[in-house]
Structures are given as C-alpha cells and as structure tokens.
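A.B. asks: Each chain, written out:
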Amino acid sequence: MTDAVFGPAPGADEPELVQLLTPEGERVHPAAFDTDFTADQLRGFHRDMVLVRRVDNEATALQRHGELGLWPQLLGQEAAQIGAGRAMRPQDFAFPTYREHGVAWTRGIDPVRLLGLFRGTDQGGWDPQDHNFGLYSIVVGAHSLHATGYAMGVQRDGLVGTGDPERDTAVVACFGDGATSQGDVNESFVFAASYNAPVVFFCQNNQWAISEPLERQTRIPLYRRAQGFGFPGVRVDGNDVLATYAVVQAALQRARDGQGPTFVEAYTYRMGAHTTTDDPTRYRRGGDVEAWKAKDPIARLETHLRNEGLVDDAYLAAIAAEADALGERMRRECKELPEPVAHDIFDLVHVEQTPELAAQQAAYDAHAASFEEVL
Amino acid sequence: MVTMTVAKALNAGLRKALEDDEKVLVMGEDVGTLGGVFRITDGLQKDFGDDRIIDTPLAESGIVGTAVGLALRGYRPVVEIQFDGFVYPAYDQIVCQVARFHFRSQGRVKVPMVIRIPYGGGIGAVEHHSESPEAQFVHTPGLKVVTCSNPADAYGMLQQAIAADDPVIFLEPKRLYHSTKGEVDESAPLPPLWHSRVVRPGSDVTLVGYGPTMSTCLDVAAVAEEEGRSIEVIDLRTLSPLDLAPVIESVRRTGRLVVVHEAHQTLGLGAEVAARVTEECFHSLEAPVLRVGGYDTPYPAARIEEAWLPDLDRVLDAVDRTFGY
Chain H
4 MTDAVFGPAP GADEPELVQL LTPEGERVHP AAFDTDFTAD QLRGFHRDMV LVRRVDNEAT
64 ALQRHGELGL WPQLLGQEAA QIGAGRAMRP QDFAFPTYRE HGVAWTRGID PVRLLGLFRG
124 TDQGGWDPQD HNFGLYSIVV GAHSLHATGY AMGVQRDGLV GTGDPERDTA VVACFGDGAT
184 SQGDVNESFV FAASYNAPVV FFCQNNQWAI SEPLERQTRI PLYRRAQGFG FPGVRVDGND
244 VLATYAVVQA ALQRARDGQG PTFVEAYTYR MGAHTTTDDP TRYRRGGDVE AWKAKDPIAR
304 LETHLRNEGL VDDAYLAAIA AEADALGERM RRECKELPEP VAHDIFDLVH VEQTPELAAQ
364 QAAYDAHAAS FEEVL
Chain D
11 MVTMTVAKAL NAGLRKALED DEKVLVMGED VGTLGGVFRI TDGLQKDFGD DRIIDTPLAE
71 SGIVGTAVGL ALRGYRPVVE IQFDGFVYPA YDQIVCQVAR FHFRSQGRVK VPMVIRIPYG
131 GGIGAVEHHS ESPEAQFVHT PGLKVVTCSN PADAYGMLQQ AIAADDPVIF LEPKRLYHST
191 KGEVDESAPL PPLWHSRVVR PGSDVTLVGY GPTMSTCLDV AAVAEEEGRS IEVIDLRTLS
251 PLDLAPVIES VRRTGRLVVV HEAHQTLGLG AEVAARVTEE CFHSLEAPVL RVGGYDTPYP
311 AARIEEAWLP DLDRVLDAVD RTFGY
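Sequence lines, in order, name chains H and D. Residues in the first sequence are numbered from 4 upward in steps of one, following the working numbering. Residues in the second sequence are numbered from 11 upward in steps of one, following the working numbering.
It is worth saying that the hints were derived from the structure and are not from the lab. Glycine included, C-beta positions come from ideal geometry on N, C-alpha and C. Be careful, since some hints might not be right.
[Unchecked claim] A few chain D residues that face chain H, going by a derived Cβ cut-off under 10 angstroms, partial list only:
no.	residue
1	V74
2	P99
3	C106
4	R118
5	L252
Could you build all of it, start to finish, from the sequences and the hints given here?
C.D. replies: What follows is the structure in structure tokens.
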C-alpha cells in the first residue's frame, strides 16, 4: 500500500524463512546460518523432540483424567523449543512462558516438575538457579523485562565479550506472537537496545493468541519489528530444528560477544489447543492444520535420518520404548507429587516473615487444630 | 552530627549503601547526569559510574521489570519512580512480579530491591504529581512499605530498606525534601526499621500519622497543649508491616485515637488502623476512632489543594470531636 504523501507502508510480503531441512526431509544449505551437525547431534534432536512430544501428550492425558487442572500444549512447536534450548550453553539463562516444556527439557528439568503448577501443588517446582531456567511466566510478556534486566546484570558481571566460551553468557526471553503486542515486551526491546544487553528475544510465532490470529497482532512480519528498535531480526522455520538451532546459536553468540540483542521469530504452528480448556474448532480456518501437519518437525528429521542411514527401525523402536517409560513414570509421579500444606504459605511471603503473618499463621493453625479436636 | 535536609539525607543514605555493598545499583529516569528531578541522586553517577547509577529509558514498567532481572542476577537495585502518579505503568510488575517471586518459588528466589517513590501533595504541582498510593501497596502481600518523615529517618531507613532481603516500597514525602532540616548522626547505629515511634508523649488523645503529615500532627499537639489537651503523637514509619503495639498501648491510656493521612480516606491506612485498634482496645475507647484523610476525589488542581489536604484545623476538629461522644 502506498500513500500519496507518506509513501509506501512497510511491506507485508512473505519473507523467506531460514531453513536447513525442508518439510520433505531434504537437507538444504542456505548462504547464511548453514551449520554442520554430527550424527549424534541429529539423533539427539530427534530423541529430544520425540520425548518432549510424549511429555506433552502425557500431560494432556493427565488433564483429561482429572489429574491436572490445565495443560498448555506445545504440540507442533517441538523443533522451535529443542533447537533454541540446545543452542544454549550451561551458563546461559532462559526466561520461559508457560508453554516452554521443550526448553525446560533441554535445561535438565524433570518433566514431572512441570506438572505441579498445573496440578495445583505448587506455583513453580524447580529452582531457577539450579537450571538457569526461570519459572513459567503466566502474565504474557512480563518476563521479557526480567530477561533483559538479567542480561544487564550479566554485563555488569563482566561476562560479555571476554572471548572465553566457558564464561561469556547470553540470556533468552521466550514468548509468543501474542506477547509482541504487550507493552512489557516492547519496553524490553527499548531497554535491550539502549544498553546493548546480551539477550535473544526468541518468539515462537505459532499463529494464534488463543483465538486471535497473527493479523490481529501485527501488519508486518514480526521479525521486522526489531529493525525499528535498532537490532537485527530474522525469521526461521520453527518446525526445522536444525535451522532454529543454527539461528539461535548465532544470535546467542552475538550476544555473548557483546554485539547486543537479536530478535528471532520461529515461524511455527500451534497444532493443539491454547490449553486444555480451549476449543480451537471455534476459530481454526479450514486446511491450516492439514497444511502444517505436512511440515511436522519430527517427521522431517526422521526422514532425513533414515535417508542418511543414521537410524534404523530398531533405534526408533528403542526411542519409542523410552518415551513409553517416560510417560509411565509421569503418570505415576504426577499422582505422587506432595500436597501443599496451608501452614507453609505464611512462611513464603517474605524472606523475613512479618509479625502480622506470624499471627495469621498461628490463627490458621489453631483454627485447623480445632477441627482435629472435634474429630 | 550534621544538619541536613531530607533530600540531602536520602542522598547520603544512598551514598553509604553504594559504598557498603557493590551490588547496590541506582536506576531511574534522570537519576544520572541530572541527579534526579529532586536531586536525590545528585553527584552519585560521577562518583559511582554509569554502570551503577543508571539513567533509564522513560518506561516505568521497564525500569521495575529490568530491576527484577538485575535482582535475580544478584544485584540490589534501588529504583526511583519520578513521581507517585507515574508508578501505575509499573503496577503490574510490582504487584504480580516483584511481590510474588519469593512466594511463587517456594522461597527459593528473592528479589531484594527498593522502589523509591516521592509522594504526597502540597507543592503546587500539576496532575499526577501529588498522589498518595501507599494503601495500594500495603494491600499487596509480598511488599513491605515504609515512609520517612525527617532527615534522620530518611538517612537510616533508606539504608536499612536497601539492606533488606525483601522488596520494599520506600515512600518519600516530597513536600519535605528541601523544606525540612534536621540533625543526622552518620556514625550512630541505625534505629530499627520495622517500628513505629512515639514522637511526642501525651495523655488525652492519641494522634497517628506518617510521612508528610507528621509536621501537621506535631503542630496540632502544640496548639492543643495551649488549650489544655495533652496529645500523644505517633509516627508509623512502617506501613507494611504495621507496628501498632505503641498505638495500642497509647490508646489504652488515652481512650481516643485520630489517624491522619493525605491518601483518600476510604480504605486508607486509617481504616486498617481503626479496625485493628478497635479490636485490641474496645473496652478502653471513649470515642470511635476518627480519620482525617484526603477527600475521595482525585487530587484537585493546585490552587485548591490546601482545602483538600488534612491541615491543622481539620485535625484539631477531629481531636475535639473525640470528646463529643
């Protein structure tokens, strides 16, 4: 669209995706971001995605059986999350949304620990410092600022641009297409650009913010927004684990080297519902799901691995068996998650408890004890 | 012992905190080169560098949200919100994030940070520059809220708030910044932070205030004394947690209580103080607990703010009314 006075609007033409593996499983070699992978890496990506898909399916089933109150499915986004997560080094830190089960997997978090938030036994079942992986952010986009501030701390710790791969540190803010409309996400872009903070904004554009399609959030491809904030943006095929790994790895290295923030738009599709309470049949458009099924992240890598002779039926059967065992363990351990104790909540509000909360705790204890006496 | 204004005392307290702990950072709009619009951070960037005294983009949610990230990385950010009325863009970060990290993480994560907010009216300012939002933060579990009313407390309480491991909303009565001088002993041990204080003993009526209303409360006590009434004046200092033990002890002797604040009267701190004191002192009370607060209108145009703010006459009137029951 061109205005007579103001000239052309920014183009909404479809940009090219960075892709290393086509939906048909063919390995391609783009000019930028081409990366060599070892056979172990390729098999590792495949195993990660198969197991994470199983985690997701299992949790969805647990919700259906009444064991979880809610579950936000990641189905279809396995490549984006595994690619980004595996590109991180141990010292890097990720700030996730509530759908980042695949990134959590790469940070060494037992999938059972993810369930507590959705079962109602806790509000975050892992120690962020033990895994360099924050608690799930439920307020969409709020954590993008935390990531940026954390990255400002990394700068102040002198852990950017030292040239030591064991020390140089980057931060990842994970969010979705809906979050790009949030003020906090845009403010995090402003702060990150202003201070050249070592942060990668990793946006999984899964095309939907619950029922609202991408065009309700943006008129231009999301990655192009970065240019307006003064740092690079790139769109990668989010169903291509190799491309996502390569692009995020390069963005992380820029950050660690002191070259500042990058916006990575992983172009993907939410194959499931927003959460288990959602009904996508009310808003999905005909043909979308079928078209994206043909771009499935696991199937394309499996085709590639088979074509290259890197896996055989026995290997794939072993991975499937591992997934079965993981699912069985999740079912068992979900039900064994310890029930929270109301007495404890009064201890958690502050580092230093106030006399007021101590008094409320004592009153609660006495109230609870009065029922025990009756019984 | 040095005589200084509240503004200078806050500056000295910040300086001491920055010297004592290299993890302490100061961040906000105009806090660097300019030294803050009220000059509270005057000279700090020159002495501590722009890595520690950080001029931020003009975005309050961004300031508080990045401060959370810095705290998660082990820093102790001291955030300056330029004016009370500008804290609301950061309200979500304060209420949903700052206040809840420790709770959400089952106590694994702490976010030690101080959010300094110049608050209150009486300076002839334009809209959004004279608000008293304290009750909104007191109502939020996970936050601690304190306010100073004199230079010695400004100096000491700010250092203690920065040293605390919990997030603290630190309310600074902007009207007193440059108008109120007092002695500050920088070598003396700091008095306890989480305590209210009897600032003038008395026997007939208990008068409770905090922050910008303390000078009015003391004026009321002086005038009442001439009229033969002895008023005990208490400075709350800490609004969350509330330390009402001295108030309760006082009301058991006086039987009468008046609570004063600039914030809107409905559901202000006065309501909470009245409820708790009534529960503890029911048989000692000779009159209902009375409140003198800002009216339940938005803060008015500057030319009529004196009519809106609790002043000597309105508080004296409330004191008189406690004898009418």
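A.B. asks: Against this structure, judge whether each hint is valid.
C.D. replies: How the hints compare with the structure:
no., hint, verdict
1, V74, "holds, 8 angstroms"
2, P99, "holds, 8 angstroms"
3, C106, "holds, 5 angstroms"
4, R118, "holds, 5 angstroms"
5, L252, "holds, 7 angstroms"
The structure agrees with every numbered hint stated previously.
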